[in-house]
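Same order as they appear, the protein sequences are chains V and H.
Residue numbering for the first sequence follows our numbering, beginning at 1 and increasing consecutively.
Residue numbering for the second sequence follows our numbering, beginning at 1001 and increasing consecutively.
Possibly wrong hints are sitting among the right ones.
Said to hold, decoys possible - Cross-link-like lysine-lysine pairs, in silico, BS3-like; alpha carbons within 27 Å at most:
| id | chain 1 | residue 1 | chain 2 | residue 2 |
| --- | --- | --- | --- | --- |
| 1 | H | K1104 | V | K168 |
| 2 | V | K168 | H | K1027 |
| 3 | H | K1104 | H | K1027 |
| 4 | V | K23 | H | K1112 |
| 5 | H | K1112 | H | K1098 |
The set of hints was computed from the structure by calculation and includes no laboratory data.
The structure displayed is predicted, hence computed values, not measured ones.
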Amino acid sequence: MTALPIIILILMIAGAIVAVETKNMLSAVIAAGVVGFGVSVLFLFLRAPDIAITQVIVEVLSLIILIRVTTNTDNEAIEKRIDNFANITGLIFVGLFIAFCVWAFVDMTPFGNPLMRVSQHYLSAGLKETGAANIVAAVILDYRAYDTLGEAVVIFTSILGAFVILRKHGKKKLVEKDTEEIGIPE
Amino acid sequence: MTVYILDFIIFAIGIYSLIAKRHIIKKIIGMVLIEYSTNLFLILIGFRYGGIAPILSPDMNSVQFSQCAVDPLPQALVLTSIVIGLGTLALMAAYTMKLYEKYKTFDMCEIKRLRG
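With the rest of the complex left out, here is chain V:
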């Protein structure tokens, strides 16, 4: 039963290593897509169909965004000098991180036996209290609707920020003096 997630996770690790280490940026972006679609397949296996659908759509959109960034630019990696200090520091941090994770996982509940205290109430009384057959929808739109509102605000702010950064002209008309002077415009 646990063989399938392990196989998909190993495939995802291979995709992640290729994405980090390859020289061509377009290949790196597409190899990161392997990880995203592997995650969505795993969500289907883990009995989370809503999230699997969302993950597929988000993965396609993020691939489009990243390919838009990489096209029309120089696609090659920077190889003037190899920064040994950064590599060694990164590897040390990664090793420490994995060690602490293994230490923490010992005390967790084992895979497949979840600790469901709040969720037990949602599962047993969700249909009566909200009238939704899909308990995930009941949680995001009824029990924790204010959380969802806050997250919608976060999404709105980030998209607004991207829009403001990417626009070609500001609202103010460009004066001759502004282009010449370097510093804070009046």
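Based on these hints, arrange chain H on the given structure of chain V.
Same frame as chain V, but now just chain H:
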């Protein structure tokens, strides 16, 4: 526990890419890997052997349903987290495109000149 460790290896690859690489797109890919592995970890915690998806079908009562469904709470929270990941990715991509327009490079070490 093997599944958790394999998941956090992806997280660690993301951290390594974020620390050691100088290319901005490599750093963005590291962030994306960290997001994916965190979302996957939260769903992995809620999995139950032989469980069903938390959607009620008409032919089962709620007591039986609550004994065999997987945990719906992390699924509900991860659902919005995935979409937020797309929003932050769009913001990072926008910054990257502007930086490339201004400096004609993706190298973090070259982007250091302050201009008005």
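Status of each hint after checking the structure:
1. H:K1104 - V:K168: holds, 17 Å
2. V:K168 - H:K1027: Answer holds: K168 of chain V to K1027 of chain H is near 26 Å, not above 27 Å.
3. H:K1104 - H:K1027: Roughly 17 Å between the alpha carbons, so the hint for K1104 of chain H and K1027 of chain H holds.
4. V:K23 - H:K1112: holds, 23 Å
5. H:K1112 - H:K1098: Status holds; Cα separation ~14 Å.
In summary, the structure agrees with every hint in the numbered list given earlier.
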